[in-house]
Every structure is written in structure tokens, then in C-alpha cells.
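**Q** The residues making up each chain are set out below.
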Amino acid sequence: MARAVSTRRKTLNTALAGTLGFLMFFPILWILILSFKTEEDAIRAPLEVLFNSGWTTESFATVQARSDYFKHFSNSVIISVGSTFLGLLIAIPAAWSMAFVPSKHTKNVLMWMLSTKMLPPVGVLVPIYLLFRDTGLLDSRLGLTLVLMLINLPIIIWMLYTYFKEIPGEILEAARMDGATLREEIIYVLTPMAIPGMASTVLLNIILAWNEAFWTINLTAANAAPLTAFIASYSSPEGLFYAKLSAASIMAIAPILIMGWFSQKQLVRGLTFGAVK
Amino acid sequence: MSTKASRSAARLMISPAVLLLLGWMLVPLLMTVYFSFLRYNLLSPGATPFVGWENYYWFVTDPSFQAAVVNTLVMVGGILAITTIGGIALALLLDRPMFGTGIIRIMVIAPFFVMPTVSGLVWKNMFFNPVNGIFGNIATSLGLQPIDFFGQYPLASIIFIVSWTWLPFATLILLTALQSLDQEQLEAAEMDGAGWWSRFFYIMLPHLARAITVVILIQTIFLLSVFAEILVTTNGGPGTSTTTLTYLIYVSSLLQFDVGMGSAGGVIAIILANIVAIFLMRMIGKNLDA
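Residue numbers (my numbering), protein chains in the order written: chain H, 6 to 282; chain B, 13 to 302.
If you're looking for bench data, these hints aren't it; they were derived computationally from the structure.
As the structure is a prediction and not an experimental result, all values here were calculated from the model.
Even for Gly, the Cβ is constructed at its ideal location relative to N, Cα and C.
Some hints could be false.
[Unchecked claim] No more than 20 Å apart at the CA atoms, straight line, and that leaves these computed lysine-lysine pairs for PhoX-like:
| hint | chain 1 | residue 1 | chain 2 | residue 2 |
| --- | --- | --- | --- | --- |
| 1 | H | Lys270 | H | Lys170 |
| 2 | H | Lys122 | H | Lys112 |
| 3 | H | Lys170 | B | Lys298 |
| 4 | H | Lys112 | H | Lys76 |
| 5 | H | Lys109 | H | Lys170 |
| 6 | B | Lys298 | H | Lys76 |
| 7 | B | Lys298 | H | Lys15 |
| 8 | B | Lys298 | H | Lys122 |
[What the hints assert, rightly or not] Here are some chain B residues the structure puts well away from chain H; computed CB gaps all over 10 Å:
| hint | residue |
| --- | --- |
| 9 | Ala22 |
| 10 | Val86 |
| 11 | Gly89 |
| 12 | Met138 |
| 13 | Ile150 |
[What the hints assert, rightly or not] Stretch by stretch, here's where chain H covers chain B in the computed footprint (C-beta under 8 Å, at least three residues):
| hint | stretch |
| --- | --- |
| 14 | 205-217 |
| 15 | 227-239 |
The shape of chain H in the complex, shown without the other chains (with noise of 0.2 Å):
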């Protein structure tokens, strides 16, 4: 039963957590502004750069033709979404499997396959470095899709495995009485009821690996760089580049801040290993 707010108190309520809001948000929107400003303009006083300059994209096209930053971009793209299907690929299957046919183990693995996820990275760049010093594959694309993959294939797991107990099991096994495969099964009846879950799974893990920022500057140099360790390189104060540093930055933020306003509630459940939902 909803109790009656005054329209006062529910604009005192607005007042307030919309100023706090906008303060959060201030930082992004400051990028944003200064992204459109000629770097004259943009390390001026911030009442001048609001009211007394003009605008320009300029820096957008400085920050590609200087420093091939659609190269980062794309390497950033293909390292997220690959290391997301390579999980979701493995992960499906290990997530069908325990929750429709548990066994005494089941919250064992489960609980196991959480726990690699506590293990502090830096407990093994050294070994990883090397590793991947001798096979060739640091900065490489293919490295780091791995590496991310198996960071957050235990997320992966235990999303896709919560949101596959929702599915009641008698559908399933209603299918087998009828005669369907293991693999129909899959494919006819679990994947489409499964579609928002896997969905909002693939979302997280995108964000997660798009932002991730240890491993892909430790283990990338030129190559397989992706926007993280590109932004990191603006750090070497070769004269500060404010314009250029915020356009490059927005770029970097816009997709995953899209992509994340979507997936709010599913973030929950995703970093919570459903603790809350």
C-alpha cells in the first residue's frame, strides 16, 4: 500500500539527489564539454570555457590521425567480445550441466570456480609475463582474449548458472519425453528461454573486459594495446593535452557507459555472484 508524498517532499527529494547526482556525474560531463574544445580553450577557467569559447572536433580527429586510435578501439573490441563468446562457449555447457543435472559436488565446483576468481592477480603476472614472453603471445590480441577469458569465465559460469535455475526443469524434461536430444534440448528449449539471461551475462563480461586495466597494460605494448593501456600512455606529461586526453577518454567511455545504463540490474546479480539480486 504506496502512502500518499507531498509533491513538496517529493521535490525536496528531487533537489537533493539530483544535485548529488549531477556532482557524480560532473567529471564525465566536464570530459565531454572540454572534448569539443581547442586546447587553448580547454586549460582555461572553467566559467570561460563554459561561456566564452567555441567548439570544435577537432580533437577527435587529432587523437585518430596522431596515434591510430581506432587500432585501440578495434583492439579493445576484439579482445571484450572475443574473450566473452570464448567464455559463454565453455561456459554454457558447464552451467547447463550443474544446474539441471546437480550432483552432491555441484556447490563444491561452484564454490571452487568462485574462489580462482580471489586469486590477487598480481600473485601471477610473474609466471603469466614469462609464459607468455615464451610462446609469443604477449601483446598479442589472442594472449590477452585468453587471459581475460579465463578471468572471468568463473563470472560467466555462475551468472549463466543462476539464471538457468530459473528455468523450471520439467520443460526439459518434458522435451526428452518427447524424444529430443541432448543437443535439441539445448538449442530448442533452453537457449530460447535463456536469451535475456545470456544476454545480460554477455553485457557484464563485455564491460568487465573492456575495463579491465592490470593485465591488459602489463601484458601489451603497441600491438595489442586496447584503449586501456592507450589512455595510460596520455600519463607521460609530455605537455598536457587536456582536449585531446578528453576526447580520447570519451571515445574509450561512451560504449561501456551505454552498455552498462542497459544492464544495471543484471550488474547486481553479476557482482554479487547472485548474493543479491
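Using the hints, position chain B against chain H.
**A** Using the frame of chain H, we list chain B on its own:
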């Protein structure tokens, strides 16, 4: 009702995932442990003799190790305090009736999706820079001396930047938990004359306890590995004032090429992370009815 055939099929289907994760966990782990007992520097090729606990001894007695442990604790503790308390406050606020819930929520959540290198560089240059940054500009226009944040308060600046990323995460999870609270329970308490504070302490906070624990534990796992924000802003400095354990191990392994020392540090980091992990696993395990 599963048949014998579907059982063995199930085992077959789960094995790629199990084998991959097992390999991913065991191979590097064993290598780290093995390397940690060798004198092994990539800059001095040749023999890599077994040296027992020497690496551990040097790693632990190095003054920068003690600094790194303190910095790590201060950083993780500071961020946890800010994001948990701030997250509860924000979640309570966002749970209230208001106009434009959707757009406000989007603005609050947005920082979580900003990659660490971008948030580090943007805060460092556009806000904290004493000459061209916004904070410096505001200070100057008020006739105050601008603050050199990374020079004077380096660790606090890092805490601030990382908290900006994780506050949305805490808020989002606590808000989700708050929305599952039975409204009638709150109304009943209100009718019985319970004020806002007693409703908060006796109904809302106990209801949120689980979610708060999850937020703290999961953030701890991620925060122990904070790396890129430090790399692009302070490089661990000035001195060792922002060197965390993760960063220290990165410096000894990939900058000083000391495989043995880096591995010894890695083993220590794994042990520390596992202590946290055990608590987290218990929490999640309790919730799992497999």
C-alpha cells in the same frame, strides 16, 4: 530425474571449464611458489640457484614493504568506509519517491563504467592539477592558495579517485537490497510510533546487513588489486607514499625484473587475499542452495 547417460554427459560438459580453470589456477600458482625460492633476475642471465627463504626475507624487511602494507590497509579501509557509508546514505535517498528517478540513477551509476586509466588521468589533470585543474581554479578565484593534491595528500587523492568509481557500485547493490524490504513492515513500525532513526537501526540496517557484508567483501577483493589508478597518477610516489602491495610487486617484477622477489611478494599477496576470500566464500556459500 536424471538418467545415467545424462549424468555422464553432464560430466563431459563441465570438464572443459573445470580443466581450464584448474590449469589457470595451478600452473601459474606453482610457478610463483617455485620462483619465489630462486635467485632469478631477468637482467642477470645464467644460473638461477635455490636460495630458500632469502627472497621472502628481503621482501619483508624492505622498508617499502612495510610502507606498502600500511598504504594498502589505509587505502582499502578508507575506500571501504567512504563507499559503504556513502552508499547507504545514497541508497536511502534514491529509494525515496522523487521525479526523474531514471535519469538521476543513471548519473549516479555512470562513474562505475569509467575505465581506471581514464578516471585516474581525468581527476589528476582536470581537477587536482593546481594550475589548470578545476579545484585549483576555484581556490584561486576565491583568493586562496591552490592545493597540490598529489604532492601534499597523495594517498588521500588516490582514495578519493577510487571511491568515485566504487561508490556507485555500493549504492546500486544497497539500493537493490533496500527495495526488497517489505514496506508494510516499515509502515507498521511507523504506526506503532517508531521514529525514522529507530526504523533505520532496527529494520533497515538489519535488512541491509547481508548486502553490506557482500559489498565490503567484494570491494576488498577488487581494491587489493587497485593498480592502474596509481600507475597513471603517482607511480607509487612521492617516495613510497602511494605504493601499495600490488604496486610494489609490479615494480619488483616488471620494472626491476626481479622474478624471485616479485614471486615472493606474489605469494604474500595471495595469502593476504585468501584470508578475505574465505569470509566471502562463506557468505556466498550460505546463500547457495545447490
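**Q** It remains to establish, for every hint, whether it holds in the given structure.
**A** Going down the list of hints, with the structure as the test:
1. H:Lys270 / H:Lys170: Given that 20 Å is the threshold and the Cα spacing comes to 18 Å, the pair holds.
2. H:Lys122 / H:Lys112: Cα-Cα ~16 Å, so holds.
3. H:Lys170 / B:Lys298: holds (17 Å)
4. H:Lys112 / H:Lys76: Violated: Lys112 of chain H and Lys76 of chain H sit about 43 Å apart, past 20 Å.
5. H:Lys109 / H:Lys170: This hinted pair holds, its Cα atoms lying about 16 Å apart.
6. B:Lys298 / H:Lys76: violated (46 Å)
7. B:Lys298 / H:Lys15: Violated, at about 39 Å.
8. B:Lys298 / H:Lys122: The given pair, whose Cα atoms are some 18 Å apart, holds under the 20 Å limit.
9. Ala22: violated (4 Å)
10. Val86: Nearest chain H Cβ is 18 Å from Val86 of chain B, so the label holds.
11. Gly89: holds (17 Å)
12. Met138: violated (6 Å)
13. Ile150: violated (8 Å)
14. 205-217: violated (count 0)
15. 227-239: Coverage by chain H holds here, the residue count being 5 at a Cβ distance below 8 Å.
Violated hints, in rising order: 4, 6, 7, 9, 12, 13 and 14; the structure is consistent with all others.
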